[in-house]
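2 protein chains.
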Amino acid sequence: MSTSTGTRGESVPTVHSAYPADDTAQSAGGIDISALLERGRTLSTPVLRAAVERLAPPMNTVAAYHFGWIDAQGRPSEGDGGKAVRPALALLSAEAAGAAPEVGIPGAVAVELVHNFSLLHDDLMDGDEQRRHRDTVWKVHGPAQAILVGDALFAVANEVLLESGTVEAGRAARRLTTASRKLIDGQAQDISFEHRERVTVEECLEMEGNKTGALLACAVSIGAVLGGADERTADTLEAYGYHLGLAFQAVDDLLGIWGDPVATGKQTWSDLRQRKKSLPVVAALAAGGPASERLGGLLAADAKSSDFDSFSEEEFATRAALIEEAGGREWTSQEARRQHAVAIEALDRVDMPERVRAQLVALADFVVVRKR
Amino acid sequence: MSTSTGTRGESVPTVHSAYPADDTAQSAGGIDISALLERGRTLSTPVLRAAVERLAPPMNTVAAYHFGWIDAQGRPSEGDGGKAVRPALALLSAEAAGAAPEVGIPGAVAVELVHNFSLLHDDLMDGDEQRRHRDTVWKVHGPAQAILVGDALFAVANEVLLESGTVEAGRAARRLTTASRKLIDGQAQDISFEHRERVTVEECLEMEGNKTGALLACAVSIGAVLGGADERTADTLEAYGYHLGLAFQAVDDLLGIWGDPVATGKQTWSDLRQRKKSLPVVAALAAGGPASERLGGLLAADAKSSDFDSFSEEEFATRAALIEEAGGREWTSQEARRQHAVAIEALDRVDMPERVRAQLVALADFVVVRKR
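The listed protein sequences derive, respectively, from chains A and B. The first sequence finishes on residue 372 if you use the UniProt record's numbering, and the numbering steps up by one all the way, no holes. The second sequence finishes on residue 372 if you use the UniProt record's numbering, and the numbering steps up by one all the way, no holes.
Keep in mind that the hints were calculated from the coordinates and are not lab data. Nothing here was measured: the structure is a model prediction, and the numbers come from that model. Do not take every clue at face value.
A few chain A residues that face chain B, going by a derived Cβ cut-off under 8 Å, partial list only [said to hold, decoys possible]:
hint : residue
1    : L55
2    : P58
3    : I70
4    : Q73
5    : V140
6    : A144
7    : A155
8    : V156
9    : N158
10   : G170
11   : R174
12   : S180
13   : D185
14   : A188
15   : I191
16   : L205
Each computed BS3-like pair below joins lysine-lysine, with the alpha-carbon atoms no more than 25 Å apart [claimed, not checked]:
hint : chain 1 : residue 1 : chain 2 : residue 2
17   : B       : K371      : A       : K139
18   : B       : K139      : A       : K304
19   : B       : K139      : A       : K139
20   : B       : K304      : B       : K83
21   : A       : K371      : A       : K304
22   : A       : K83       : A       : K371
Idealized CB from N, CA, C, for every residue including glycine.
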C-alpha cells in the first residue's frame, strides 16, 4: 500500500516509511514494538518452559535446545527464540475482547508450541540444517528426536489450553486444532509444489494461507476467545490475522531469496536451493515475457538436473535476477502491502479499545518491514 | 491369573481356557467378541473416513493406504485395518455411563486417529518396513509423508472430538491430549532404552504404561465422558483401561519375540532385531542365574557389534532361548495375567449395566489370549 485510510478516518503512514530500513528501531506512532514483543515473551516464556518440562527425558532437553534455552552441549544459553510475534498477538487478542492480557497466556503458549512443532518437523522434511543461526534439532539430535519432540510439543499445546476446563478453553482448542490441520495441509502443499513444474499464483496463495495465515489468525483470535468474545468477533480478528499471515509470508518469501544470511540465519538463496515454488517464483513464471520464459526453461531443466545440489552461487544468482526481471520480486512486495491493507481494514469491523487497535496496526506494520 | 474371583462374587474362567488357542473362535460366556469388535468398526469407520477426507492431497490418499482402504497403486482394497479394540472399548465406555453407544463415536474415532498417528511415526522412527502384512507408509510414500500424515491424523483427532462444542467434548479432549503426551513419552522412553545396557523391570512397565496403557485407558473413559460421566467414574474406567493396556502390551511383547510372522505380519524375532528392551528381555536380565548372565553378555556385545544387522535367524533364536531359559517368557505371561486381574477388579468400582460389564470382561479376556 502507499497510504491506507481506514474507515476510522485516520491515515496510517506508508509501510515502507513507517520505520527506518533498519528494523532494530522499532518505535513509531508512539508504539514501542520491542516492548510489545517483549511483553509477549516475558509473560509466555515461564508457562512455555513449564510445559516443556513435562516432557519425558531426553525430549525436554531437546526441546530446550530448539527454543535456544541451552546449547548443543546442554549449557544454559541466551539463544534467539524467534521474533515472538504470535505471543504478542495472543495477548493483544485478549485485550481486544476487553480482558486482561494475562487471560491470553495459555493461548499464546499453545500457539507458540504448535508453531515450534511445525518448525521441528518442517526442518526435518525440508532438510534445513540451520535455524535462528544454529544447527536444527534433527542435525544435532537426529531425525527421531525431531519427530518425537515435535509430536510432544503439539500434544502439550492442547494440554496447556484445555487444562482450565472452561467452555472458552474448549472453543479455543477447537480453533487451534483447525488451524493446526490447515498448517499441516499447507506444508503438504508446499512439498508437493516442489515436485511440480507449474504452480499457479492462486495455488501458492492458498498454500501460504494454510501454512502461515491459519496459525497467525488463530493467535489473533485465541486470546479473545479465552476472554469470552463471541464467534463473530473471533472470526473478524482471524480475518486480520489471516491476511497479516499472508503479508508476513510474502515478506518471508522475499527474504527466502534476497534476505541477508547474516540477518535471517539461513543460507543465501535458501528457497531457490530447495526448489520452493514461493510467491516471487510463481508470479515471475505467470508474468510472461522473455525473462519469465527463460526462468521457466531453467527451472524445468533444474527439476531434472542431477547436478542441482552442486550448483554455484552464481547459478542461483542468475535465477534470482530472472525472477526480479520478470517482476516476481515487485509483485510479491506489492502483495505484502495489499494483504497488509486488507488486514488493517478487518480491524475496523471489531469494537475494541483504541490503544489495542493502534498496537495491532503497529504490529502489522512491523511484520511487513522486518528484515529477518 | 489362574482364576480371578471379583468382588461381584462370580468366578471368571482362567484366561487361557477362556477361549480355544485359535482366537478366531471369539465367542465365550454368551458374548460374541467378533460382533463387539465389528460394531466398533462399523459405527466408527464412516466418521473416520470422513475425517481422513478432510486432509489435503496427497495426505488423504496416503492415510487411506495406511488404513488399508486402498493399495499402494490407489486401488480400493479390503485391507486389515487392525483389531479395532479401541473403538469397541470407546462405544462400551459410553454405555458404561448409561448413554447410547453412538455417543462414543467421536471418541472412538479420535482415539483411533491418535493410535494411527503414533503407528505412522513409530514405524518411521523404528525403521519398521511391515505392518498388518503390508509395506509401511514411509516405505511406500517416503518419510516426509509418514511425518505429515501422522501430524494430520493427530490434528484431525482433536478436531473430530471438539467440533460438537460441548463441555463434555472439552473434557474428553483434555483426557485425549494427556494420553497422547504420555504415548509420546512412552515412545521416547522405548527408543532411549534401545541405547541403554540395562533397563529395570519398573522402568519398562512405566514405559509400557505410557506407550500402551494411557491411550487404552483413554478409549475406555472417553465415551463415558462424552456421555456425561463424572470424573471419578472416568478415572476408574481409565484404571481398567490402563491395566488392560499393560496386559495387552505384555502379550504384544511375547508376540514380538515368539509370535508367528504369518499371524502378526511382522518379521520373526521382530523386537530382538530392534534391540527392544521389552518385558521378557528385562525380566530375563533381572532374573539372575547362568542363562540370564549369558544373555546379558550377548546383548552387551550386540550393542557394540557392527555385524548386528546381518545376524542369522539362529543368532536371534539363541537369544530367544536364553530369555525363555532365564524365565523372561514365563514372567511376562504371568504379568499379562496379573494386569488382566487388576483391570477386571477396577470394573467392580463402577456402577454400570451388567451386560456392559460382562462385555468389558470378555474384551479383556480376548486381549490376553490373542495371537496377533
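Against the structure, the hints come out as follows:
no.: 1; hint: L55; verdict: holds, 7 Å
no.: 2; hint: P58; verdict: holds, 7 Å
no.: 3; hint: I70; verdict: violated, 18 Å
no.: 4; hint: Q73; verdict: violated, 19 Å
no.: 5; hint: V140; verdict: violated, 16 Å
no.: 6; hint: A144; verdict: holds, 4 Å
no.: 7; hint: A155; verdict: holds, 4 Å
no.: 8; hint: V156; verdict: holds, 6 Å
no.: 9; hint: N158; verdict: holds, 4 Å
no.: 10; hint: G170; verdict: holds, 3 Å
no.: 11; hint: R174; verdict: holds, 4 Å
no.: 12; hint: S180; verdict: holds, 4 Å
no.: 13; hint: D185; verdict: holds, 4 Å
no.: 14; hint: A188; verdict: holds, 5 Å
no.: 15; hint: I191; verdict: holds, 6 Å
no.: 16; hint: L205; verdict: violated, 15 Å
no.: 17; hint: B:K371 to A:K139; verdict: violated, 40 Å
no.: 18; hint: B:K139 to A:K304; verdict: holds, 23 Å
no.: 19; hint: B:K139 to A:K139; verdict: holds, 22 Å
no.: 20; hint: B:K304 to B:K83; verdict: violated, 37 Å
no.: 21; hint: A:K371 to A:K304; verdict: violated, 33 Å
no.: 22; hint: A:K83 to A:K371; verdict: holds, 11 Å
Going through the hint list in order, the structure does not satisfy hints 3, 4, 5, 16, 17, 20 and 21.
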